[in-house]
Structures are given as C-alpha cells and as structure tokens.
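*Asks:* The opening residue of the first sequence carries number 1 in the numbering used here; numbering runs sequentially from there.
Treat the hints as calculated values from the structure; they're not laboratory data.
The list that follows gives simulated cross-link-like pairs (lysine-lysine, DSS-like), each with its CA atoms no further than 27 Å apart: (1) K490 <-> K405; (2) K355 <-> K372; (3) K386 <-> K490; (4) K335 <-> K312; (5) K395 <-> K460; (6) K490 <-> K441; (7) K395 <-> K490; (8) K355 <-> K286; (9) K436 <-> K513; (10) K372 <-> K312; (11) K441 <-> K460.
Distance ranges between label pairs, derived from CB positions: (12) V369 <-> V301: 20 to 28 Å; (13) S319 <-> K441: 50 to 58 Å; (14) R363 <-> E516: 48 to 56 Å; (15) P255 <-> R484: 26 to 34 Å; (16) S479 <-> L508: 15 to 23 Å; (17) K288 <-> S319: 24 to 32 Å; (18) T318 <-> D254: 42 to 50 Å; (19) E368 <-> S319: 19 to 27 Å; (20) L508 <-> P298: 52 to 60 Å; (21) P255 <-> P462: 29 to 37 Å; (22) T260 <-> P338: 32 to 40 Å; (23) F483 <-> P299: 46 to 54 Å; (24) E300 <-> R362: 20 to 28 Å; (25) R264 <-> M343: 20 to 28 Å.
Virtual Cβ for every residue (Gly too), placed ideally from N, Cα, C.
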Amino acid sequence: MPPARSSYASELKALAAKKEAAAQKAKAKQKGKNPRPNTDEVDGDPSSKKRKGNPGPATVNRKMPDERNTTQHAEPSSSAGSKPKSPANAKDQPRPTAPAGPSHNVYGSERTGRKAQEEFVKETLSEAAASQERRTSNAFPGAPQGEQGSPAEQAEETQDKSGFEPTSDDHDTDMENESSLDESESDEEEIGYDSAFLDRLKKLYRQQPTKEMKEAILAMLDRLCDAQGDKNSHSKRFNRHVRKSQNDSNWTQDPDFVITDGPRRRDHDRVVLSGYIRVVVDELLKIKNTSRLPPGPPPEVAAPTAVAFYIKWDESQTSEFNTVAARIVAKRVLKDWPTLFDMENVFEMATGHIKYLRACYRRQTIPEVAAKEPERHFSVNSRSRKHTLYQHRLKIIKAIPALSKHGKLIEHLGIDGTSSDEETARKGVYSVRRKKQLSSKVQHLKRWASLDQAYAIHFKGPGSKGNQLRRRVDAGLVSKRRFRITGLPKSCMDPTWLATLTDVQKDLLEFNKELEYDFSFPVELLEIPE
DNA sequence: GACAGCAAAATTTACTTCTG
DNA sequence: CAGAAGTAAATTTTGCTGTC
Numbered sequence: 001m002p003p004a005r006s007s008y009a010s011e012l013k014a015l016a017a018k019k020e021a022a023a024q025k026a027k028a029k030q031k032g033k034n035p036r037p038n039t040d041e042v043d044g045d046p047s048s049k050k051r052k053g054n055p056g057p058a059t060v061n062r063k064m065p066d067e068r069n070t071t072q073h074a075e076p077s078s079s080a081g082s083k084p085k086s087p088a089n090a091k092d093q094p095r096p097t098a099p100a101g102p103s104h105n106v107y108g109s110e111r112t113g114r115k116a117q118e119e120f121v122k123e124t125l126s127e128a129a130a131s132q133e134r135r136t137s138n139a140f141p142g143a144p145q146g147e148q149g150s151p152a153e154q155a156e157e158t159q160d161k162s163g164f165e166p167t168s169d170d171h172d173t174d175m176e177n178e179s180s181l182d183e184s185e186s187d188e189e190e191i192g193y194d195s196a197f198l199d200r201l202k203k204l205y206r207q208q209p210t211k212e213m214k215e216a217i218l219a220m221l222d223r224l225c226d227a228q229g230d231k232n233s234h235s236k237r238f239n240r241h242v243r244k245s246q247n248d249s250n251w252t253q254d255p256d257f258v259i260t261d262g263p264r265r266r267d268h269d270r271v272v273l274s275g276y277i278r279v280v281v282d283e284l285l286k287i288k289n290t291s292r293l294p295p296g297p298p299p300e301v302a303a304p305t306a307v308a309f310y311i312k313w314d315e316s317q318t319s320e321f322n323t324v325a326a327r328i329v330a331k332r333v334l335k336d337w338p339t340l341f342d343m344e345n346v347f348e349m350a351t352g353h354i355k356y357l358r359a360c361y362r363r364q365t366i367p368e369v370a371a372k373e374p375e376r377h378f379s380v381n382s383r384s385r386k387h388t389l390y391q392h393r394l395k396i397i398k399a400i401p402a403l404s405k406h407g408k409l410i411e412h413l414g415i416d417g418t419s420s421d422e423e424t425a426r427k428g429v430y431s432v433r434r435k436k437q438l439s440s441k442v443q444h445l446k447r448w449a450s451l452d453q454a455y456a457i458h459f460k461g462p463g464s465k466g467n468q469l470r471r472r473v474d475a476g477l478v479s480k481r482r483f484r485i486t487g488l489p490k491s492c493m494d495p496t497w498l499a500t501l502t503d504v505q506k507d508l509l510e511f512n513k514e515l516e517y518d519f520s521f522p523v524e525l526l527e528i529p530e
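All chains, please: the whole structure from these sequences, using the hints.
*Replies:* Printed below as a string of structure tokens:
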C-alpha cells in the first residue's frame, strides 16, 4: 500500500471540513522529488525492487498520525474496494494443516506451520473475545458491507490512474465518522494489551475455559476504559511514558505475570496538531522540505511577520525573535482551527518545532555540527538494536506461559537494563557490553541459556522468514553507563559489585531485599525442536 | 542542549508461492 | 523445476517529539 501521504492534513480536514487549501497543498507537496542519494543514481537497474512504485523519498514524508501500527498487515482498509482480496489466502490457508490445540503451536517445533498455527489460535481466541464484547457491529474487518463504500468509491474511480489517491482518500474519509475513528483508535490501544491478554487467555483456556476467561476479558475492557478516561482527563500531559515503575521495590515474582510494556503511541490529537504546525511553518518559510532550509532574516528585519517570516537560526528557540515566530505560527493555527486547540499547547509545540528546525539547520550548515553525525548515528543504531532485543525478550515471554515468571524482572530492567552491543571487526557480529552490576545469573537468564536462545529457537528456527538474528558474542566488554535501575532484588545483583557499594549508595538503589529470585528456566524450551 | 523515544521508510535477508 | 515475484522480520536510516 501506498506509504501514506500527508494525512495529518486530511485528518484535519476530517475534524472540520474547511481548509481545503492546506490539504491540497500538503498533498501536492508529497509528490515526487529528491530521492535519497544512494538509492537511485547508483543503480539504474534496481527497478527490480519489488516495492511497488514506491512514490516516496523518505526524506519528504512527514509522519502521519494514525496509521496502522507497526508494519505490514495491510489488509484491513486498503483491500476494501479495489483488488481481489489478496490477504485472504495468507490467513486462511494454514487452517487445513493445523489442527492446533492451543498449546501446540507455541511449543510447536513445526516447520512452516508454526507461525500459522500461532496466528490461528490467536485469531480464534480473539474472535471468542470479540464475541463476548459489545463490539458486535465491528465495522472494521468486514467493512465493505456498509452503505457508503460504493458511491465514494465510484466517484473516485475516475482518477484511478493516479494510483493510490483513491484508496487512501477513501480511507481518510472513512476515518471521518466518529464511530470508526473510535474503533480504530481503540484497536491501536489494544495492540499491546491485546496480545498479552490473549496469551494469558490462551493459558486460562486450557485450565478453565469459561469463568476466568470472562474475568480476564472484563479486565481488559476495564483497562481500555481507563486508558480512554485518562486520556480525556489530562489534556495537557498527554503521553508521558513512565517506563520504570516508581515505588515498587517490593514486588514478587508472579508466575502469571502479564507483560504490558512496549512502545506507547503518542496522543493522537497532539500528533495531528504537530503535523499541522509543520504545514504552517513550511508554508510561512516557503520551504519544500527540511533538508533545504532557507537562510535567516536579512539584518534589517527586526521581527518576523506572517508575510516576511523568518527564524533566526543562530538564536535559541526562546529568543525574542524566535518567540515571535512561534507566536505567529500559533496564531495561525488557532485561527484555522479555533475550537480544537488552545494557545498554550500550540505555542509550546510551535516552539518545539522551531527548536527542531534549528537543529536541522545547524547540521546542514555548520561543519562542526555535521561532523558529529556519524557518532550520533552510531548511537541511535545501537539504541535501536537494544530496543529490538528487548522486544524479543518480551515477545518470547508473552508467547510461552512458563516464562511469565520472568516477565516482571525483564520488564523492570527495561530498555536501560538491556545490555548494548557494538559491532565487531567482523561485520554482523556484535559483542555485548555486559552490565557489571547484574548478577551473572541474570545475564544467563537473558542470554546464553535462556530467553534469547528460546527466542531464536522458537521464532527464528528453520523455516523462519526475515533477516536472521545478529550474532552476539561475549568479548568481555563491560558497560560504562551509569546504572540507575532501582528496586531490583539483591539476588539479581552481582555480589562483588555489591560489595563495593557504601550503605548510602545501596539506599539509593532501593533494593528489593525480600525477593530471592528464582532463575529457573524450563530447559525443554531450549531443545531444538524436531 | 543532550539524549531518549516513537514512528515510518528503506534496506537486507531468507523464506514461500506463483508462473512459464 | 527455475526463477520471478511476493512476504515477513530484523535492521538501519530519517524525521520528528518529549524529557531531564
């Protein structure tokens, strides 16, 4: 499917039906232009790339608000009208091969069928869950049967040749009506909890199909309501993500722990708002994309105005000049959308965006700043590897009930407790930077004999698609980063390191003294299936 | 201002499925 | 059956926002 065009514009259109112009503009802007250097000139040939006519140079795209989360799963909306449902087979096929008792698939060992079985069980349960929920009229999957689909579609049909326009517009308008918006939103919210709960349900299902299962579903709904309520109540601090639970140095090792951590979506309204701020700034500055920012104001300009709009790149975003600029932007946003936002937020966010643009400008024009880029890339890459590693661990724990008891610890350790790595001389091999503060048992649990291993076996075994896992080796590297995770069980800490701490230092780390951590790990999980 | 985090696009890889 | 085409996952890259 088409990488979405600037749909924040269309989102806004949806929110109030004026402002054609801006939407148009945003659309127009999306077309074509400057591809990334390497992609294109190097090899004329790689037309071979299957990525269907990807319109898009990444550089231009601005991210858009809603959108399906993570990656693919194109199926729901796009397929709606136009093409013969391709998705069908992907989902349906596996069925025949897979009798699939709930547990079977996970331990599954099965070559190709494994994933499919897992899918199947998940779906089955989710269907069960759905049927108990009120969402009878679920517009999403079945979509087509609704009324409006066709007329709009036909109307659009005419410009079909332009490729993706119709479908995604369709999609947008779809979003327009309240109910479907809600729907999709809760869908998104659900994802994280969803799979955790479904996995939990899978387990309960085996033990006691009816009663507890129902309770779990209620809990899930509660949770969603809470999330919803929260969101409405504090309109200001929308989206703070507290990764570490503050005052729980007294946790216990729950054998049925349910993982809830994971990326949190940003507040939808804010995302839309910031999208519009970008539109306005780009328009005022008359720029096409941020990789070619215009110079600052000529000396005689005392302050920016809406017609002669500038940002002083060499001044902080809070300088007088740039404050005026932010104010102009904010006023414009409020003029266009008087009812949706308030000055305080908009101004703050406009300032934030100016701050960001300043950073871009400096990178583009100041050699010393540009020179730091490789270092920055190095660290963001490393960081993102940490994230995927952490995700892997959460995923395997979610997938296998017997590992639930380690969920809390892993979640508690969080991203910061995930050791980073560094590419070695050999390409594709990374050496781990161990955290000296953690007991070797923890390292062991996480890596060599356990979670990562289980992940490799159960998700990346023979027949698995996708890139293979990178190889991580222990070359004796030790992390130098400050250790700031509090509330860990003493039994998880490295004794020799502990011995070096003063009492006050120990106080600061608020160890969980009670818990004698049980590191046991079901060895069956490490047997290579088959 | 530095750095963490989220999100999407692009790239790479290894598989499956379709097609000639 | 080979090879093209499609698909999924891991990773990198880019663009932005948020927090300390």
